[in-house]
Amino acid sequence: EPEVTQTPSHQVTQMGQEVILRCVPISNHLYFYWYRQILGQKVEFLVSFYNNEISEKSEIFDDQFSVERPDGSNFTLKIRSTKLEDSAMYFCASSDGRRQPQHFGDGTRLSIL
Amino acid sequence: GQQVMQIPQYQHVQEGEDFTTYCNSSTTLSNIQWYKQRPGGHPVFLIQLVKSGEVKKQKRLTFQFGEAKKNSSLHITATQTTDVGTYFCAVISNFGNEKLTFGTGTRLTIIP
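Same order as they appear, the protein sequences are chains A and B.
Just so you know, we're using our numbering here: the first sequence kicks off at 334 and counts up by one.
Just so you know, we're using our numbering here: the second sequence kicks off at 1254 and counts up by one.
Hints in this document: simulated from the structure, not taken from any laboratory.
Heads up, some of the hints might be wrong.
Calculated from the model, a selection of chain B residues having no Cβ within reach of chain A, i.e. all distances over 10 angstroms [to be verified]:
#1 Pro1261
#2 Gln1267
#3 Glu1268
Output of the computed footprint for chain A on chain B, the stretches with three or more beta carbons under 8 angstroms from beta carbons of chain A [said to hold, decoys possible]:
#4 1311-1318
#5 1353-1364
By construction, the Cβ of each residue, glycine as well, lies at the ideal position given by its N, Cα and C atoms.
Turn these sequences into a full structure, and let the hints steer you where they fit.
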């Protein structure tokens, strides 16, 4: 069964540094998402992406965050200047249509020191 | 923003007992999805409910959407150790976007 893949599985970064989290969504999917989950808490929406542009973003997704689909397969989340509170598990997801199930990757655990 | 509450937050059950988690919204929902997250894992889609009063079954799991489309429940009959994890309901915005708002989740642990 096709799956969403994310790299790296764990990223440790100094506060203030830039990080790029990478995702390869399922190949025929058209909608892409990033979510984050702070340890022990619920999954929180960050951003949705469709037709090469952001369709919605949350309050968490401030100017320090950006997303890109640089080619036909990758979908990246960049955090420009990381803060301690950015430490969380970041999940990428994709779906093949509106109001369809979202398929999640295994996540990238981001630890900010 | 949309708020989706789930109860209970935690549930410990003896293997073989039943388990139910409830999801409540203050607003009418267009649909609701349920996801399971194993410890250390990622959310995995279980089911989507769309119609008022809808009931769907997957083996030992029964999902229900309230008549007013403001609440939903997931019931597991005769729990097994493989049922361990956190169960989240999630709703899609009524306003056309695909953002999923997750509930607070119910963490299920099974006592063998």
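Hint by hint, here is what the structure shows:
1. Its beta-carbon lying about 14 angstroms from the closest one in chain A, B:Pro1261 satisfies the requirement of being farther than 10 angstroms from that chain.
2. No beta-carbon of chain A is positioned within 10 angstroms of the beta-carbon of B:Gln1267; the least distance is around 24 angstroms.
3. Every beta carbon of chain A lies more than 10 angstroms from that of B:Glu1268, the smallest distance being close to 24 angstroms; the non-interface claim holds.
4. With 0 residues bearing a CB less than 8 angstroms from a CB of chain A, the segment 1311-1318 of chain B misses the requirement of three and the coverage assertion fails.
5. Counting residues of the segment 1353-1364 of chain B whose CB lies closer than 8 angstroms to any CB of chain A gives 6, which reaches the minimum of 3, so the coverage claim holds.
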